[in-house]
Amino acid sequence: MSAEMILFFVFAAIAVAGAIALIVLREPIHSALALILVMVSLAVLYLLLGAEFIAAVQIIVYAGAIMVLFVFVIMLLNAREEERTNASRMARYAGLPLGMLLTAQLAYWVAHGWPQGGVTQAAAATSTRALSTMLFRVFVLPFELTSILILIAILGAMVLAKKDF
Amino acid sequence: MEFVAQHPVLVVSVVKIVVLLLATLTTLAYLTWFERKVVAHIQARWGPYFTGPHGLLQPLADGLKFLFKEDFTPPMVDRVVYVLAPFIALSLALTTLALIPFGPATIHIFGQPTGLSVAHLDIGLLFIFAITSIGVYGVALAGWSSNSKYPLLGSLRSSAQMISYEVSLTLSVVGVLLMAGSFDLSEIILGQQGHWLKVVPRWHIIPQIVGFLCYFTSAIAETNRVPFDLPEAETELVAGFHTEYSSFKFAMFFLAEYANMITVSCLATILFLGGWLSPFPDSWTWARYMPAAVFLICGLALLQDGLRHFRGIPRIALTVISAAILALAFACSHAAVIAIALGPFWFLAKVAFLLFFYVWTRGTLPRFRYDQLMNFGWKVLLPVSLANLVITSLVILVAHR
Chain Z
677 MSAEMILFFV FAAIAVAGAI ALIVLREPIH SALALILVMV SLAVLYLLLG AEFIAAVQII
737 VYAGAIMVLF VFVIMLLNAR EEERTNASRM ARYAGLPLGM LLTAQLAYWV AHGWPQGGVT
797 QAAAATSTRA LSTMLFRVFV LPFELTSILI LIAILGAMVL AKKDF
Chain S
-15 MEFVAQHPVL VVSVVKIVVL LLATLTTLAY LTWFERKVVA HIQARWGPYF TGPHGLLQPL
45 ADGLKFLFKE DFTPPMVDRV VYVLAPFIAL SLALTTLALI PFGPATIHIF GQPTGLSVAH
105 LDIGLLFIFA ITSIGVYGVA LAGWSSNSKY PLLGSLRSSA QMISYEVSLT LSVVGVLLMA
165 GSFDLSEIIL GQQGHWLKVV PRWHIIPQIV GFLCYFTSAI AETNRVPFDL PEAETELVAG
225 FHTEYSSFKF AMFFLAEYAN MITVSCLATI LFLGGWLSPF PDSWTWARYM PAAVFLICGL
285 ALLQDGLRHF RGIPRIALTV ISAAILALAF ACSHAAVIAI ALGPFWFLAK VAFLLFFYVW
345 TRGTLPRFRY DQLMNFGWKV LLPVSLANLV ITSLVILVAH R
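Chains as they are written, first to last, in the numbering used here: chain Z, 677 to 841; chain S, -15 to 385.
In short, the hints are calculated from the structure, not lab data. One thing to keep in mind: the hints can contain errors.
Claimed, not checked - Just a few of them, taken from the derived set where beta-carbon distance is under 8 Å, the chain Z residues facing chain S:
#, residue
1, Gly694
2, Ala697
3, Pro704
4, Phe729
5, Tyr738
6, Ile742
7, Val744
8, Met751
9, Leu753
10, Glu757
11, Ala806
12, Leu807
13, Thr809
14, Met810
Stated by the list, open to error - Pair ranges (Cβ atoms, derived):
#, chain 1, residue 1, chain 2, residue 2, range
15, Z, Ala806, S, Trp30, 53 to 61 Å
16, Z, Phe815, S, Val(-7), 51 to 59 Å
17, S, Gln27, Z, Ile824, 33 to 41 Å
18, S, Gln356, Z, Arg756, 41 to 49 Å
19, Z, Leu745, S, Arg292, 33 to 41 Å
20, S, Tyr354, Z, Val749, 26 to 34 Å
21, S, Ser377, Z, Val749, 50 to 58 Å
22, S, Pro367, Z, Leu745, 18 to 26 Å
23, Z, Ile828, S, Ser(-3), 42 to 50 Å
24, S, His384, Z, Met766, 23 to 31 Å
25, Z, Ala806, S, Pro367, 57 to 65 Å
26, S, Arg63, Z, Phe812, 45 to 53 Å
27, S, Ser(-3), Z, Ala833, 24 to 32 Å
As the list claims (entries may be wrong) - Computed footprint of chain Z on chain S, listed as stretches where at least three residues anywhere in the stretch have a Cβ under 8 Å from a Cβ of chain Z:
#, stretch
28, 29 to 38
29, 99 to 108
30, 181 to 187
Note that beta-carbon positions come from the ideal geometry of N, C-alpha and C, so glycine has one too.
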């Protein structure tokens, strides 16, 4: 087995373990830490695929910015251990079949190869220059639409926070 | 030797890591001495003076004190996170130093040619930003896990401050990135070669002076130093996020702060001050003997000081140290040594100046109030660095047409 394969399995295992810990742990901060672990090991998987830029951005945006805000809000609200409630009935009856369906579909794709299309095109854009050319030339409309969506979300948050004008 | 021949990359990397780590930890220890001395002289005091000549053994004494103090863990803390936090802080602070290129020369370790940095990445700058962006967890988790009011308030302040200033820190660097066209730290340095009018070095600081000021201000805030040291404002918060830490865990936070100072100074040197490039044109051959001259003057001054003002063991110690510096000066006058040492000399000289600047601000400026801090970060620094970015990209666009 090559060194890359070993690294892949180590970090894939860490990512899965982190994801399980995220759900099982009851202290919100511990869950957030587990999520950071998942993010960082995903970044390592991107590195193994040769996508250095995506790996760095994964850490800067997800592990750095978004999770810092999560931890910050948890600390600010001083959230303590969550209580066990009876899980919702919908999750119990619909969740299991849907989860199995998703697993079956993923297994099918792994066995028969991924569907062609966007994946191969995106895989070509690993370098920073190629990625930005693709983002600002080919996909410029979806990119701008996403930024407008985020702007609307920011405005919404401001309206909610500042009720009296 | 057989093992070396089989795994050249591994062995060379380990050697470089050990050398860099030892050098960094020694520098960190003596940076505390340097800071205390400089602040003392700014305030017309002497600073550490009794442990060794000029207090030179003070860092050693402090280190021993940290090691032998009781490592007390308060009873109500979240134990895992409490222990994890100082490790996160220190290891992340030291990781970034692995990417810093100290010089252009190629050296040979066990016959293997290798550059003057532990790791060379095409996305070096992005990687450094990735590491520093998760550095805030050390502070945040330390405050939360201590289960105590002052640390929690301190770490909340610190997290808010680091999130706010990271935005302008990153934006102020983008101007340099546009000019260099690369994330590779060595390439960014090499892009600053040459001189305007044959004397003014083509460093990024001249066209990007606004970017440099934004960068360095945000960097001081990112490293929680005066005048932005609100997270550990003694008068309000006891000691901030590390109030409940003692012994070596406290020392780890302390070292992490100084390591971060070194990292941002190295980065400022690379991005704005031309890294290892000499400020003098290549045609001035005498400039190659600058390291030798500087060491010679330092060695002679120390020798004179030791012989004149000290008696007994300190006198002998100072003589030995000055002899070592004089030997260094002698070595630096050889062409073979100059070829390797000139780059690191200029690099470290620039970093040392920035570190002095850090200490200088600490000795001079009073602390910001919290609302002033937030206003300054969001309403002054962020718009200025954004405007700098827009103007830089416009100029580059027009120049390329």
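A quick look at each hint next to the structure:
Taking 8 Å as the C-beta cut-off, the interface hint given for Gly694 (chain Z) is violated, the closest approach to chain S being about 14 Å. Checking Ala697 (chain Z) against chain S by beta carbon gives a least distance of about 12 Å; that is not within 8 Å, so the hint is violated. Nearest Cβ of chain S to the Cβ of Pro704 (chain Z): about 10 Å, over the 8 Å cut. The hint is violated. The beta carbon of Phe729 (chain Z) comes within 6 Å of a beta carbon in chain S, closer than 8 Å, and the hint placing it at the interface holds.
About 10 Å separates the beta-carbon of Tyr738 (chain Z) from the nearest beta-carbon of chain S, more than 8 Å, and the hint is not met. Taking 8 Å as the C-beta contact cut-off toward chain S, the hint placing Ile742 (chain Z) at the interface is violated, the least distance being around 11 Å. This hint holds: Val744 (chain Z) has a C-beta 5 Å from the nearest C-beta of chain S, less than the 8 Å allowed. Taking 8 Å as the C-beta contact cut-off toward chain S, the hint placing Met751 (chain Z) at the interface holds, the least distance being around 5 Å.
Given the 8 Å rule on beta carbons, the hint for Leu753 (chain Z) is violated: about 11 Å separates it from the nearest Cβ of chain S. The restraint placing Glu757 (chain Z) at the interface with chain S is violated, with a minimum CB-CB distance near 11 Å, outside the 8 Å limit. Hint status for Ala806 (chain Z): violated, given a least beta-carbon distance of 13 Å to chain S, over 8 Å. At a threshold of 8 Å, the smallest CB-CB gap from Leu807 (chain Z) to chain S is about 12 Å, leaving the interface hint violated.
Below 8 Å, beta-carbon pairs count as interface contacts, and Thr809 (chain Z) has none with chain S, the closest being about 14 Å; its hint is therefore violated. The beta carbon of Met810 (chain Z) is not positioned within 8 Å of any beta carbon in chain S (closest approach about 17 Å), and the interface hint is therefore violated. For Ala806 (chain Z) paired with Trp30 (chain S), a C-beta distance near 59 Å keeps the hint of 53 to 61 Å intact. Distance hint for Phe815 (chain Z) and Val(-7) (chain S): a CB-CB separation of about 38 Å, inconsistent with the stated range 51 to 59 Å.
Checking the proposed 33 to 41 Å range against Gln27 (chain S) and Ile824 (chain Z) shows it is violated: the Cβ atoms sit about 54 Å from each other. Here the CB-CB span from Gln356 (chain S) to Arg756 (chain Z) is close to 33 Å, at odds with the stated 41 to 49 Å. Restraint check, Leu745 (chain Z) to Arg292 (chain S): a C-beta distance of roughly 59 Å breaks the suggested window 33 to 41 Å. For Tyr354 (chain S) and Val749 (chain Z), the Cβ-Cβ distance of about 19 Å falls outside the hinted range of 26 to 34 Å, so the restraint is violated.
Against the hinted window of 50 to 58 Å, the Cβ-Cβ separation of Ser377 (chain S) and Val749 (chain Z) comes to about 34 Å, which falls outside the hint. Between Pro367 (chain S) and Leu745 (chain Z) the C-beta distance comes to about 22 Å, which sits within the given range of 18 to 26 Å. Taken as a hint, the range 42 to 50 Å holds for the pair Ile828 (chain Z) and Ser(-3) (chain S), whose Cβ atoms sit roughly 48 Å apart. A C-beta distance of roughly 57 Å is found between His384 (chain S) and Met766 (chain Z), which places it outside the suggested range of 23 to 31 Å.
A beta carbon spacing of about 32 Å between Ala806 (chain Z) and Pro367 (chain S) contradicts the range 57 to 65 Å that was offered as a hint. Restraint check, Arg63 (chain S) to Phe812 (chain Z): a C-beta distance of roughly 49 Å satisfies the suggested window 45 to 53 Å. In this structure, Ser(-3) (chain S) and Ala833 (chain Z) break the distance hint of 24 to 32 Å, their C-beta atoms being roughly 46 Å apart. Interface restraint, the stretch 29 to 38 of chain S with chain Z: violated (0 residues with C-beta to C-beta distance below 8 Å; minimum three).
Using a Cβ-Cβ cut-off of 8 Å, 3 residues of the stretch 99 to 108 of chain S lie near chain Z, which meets the minimum of three, so the contact claim holds. With a cut-off of 8 Å between beta carbons, the stretch 181 to 187 of chain S has 0 residues touching chain Z; three or more are needed, and the interface restraint is violated.
The structure shown violates the earlier hints numbered 1, 2, 3, 5, 6, 9, 10, 11, 12, 13, 14, 16, 17, 18, 19, 20, 21, 24, 25, 27, 28 and 30.
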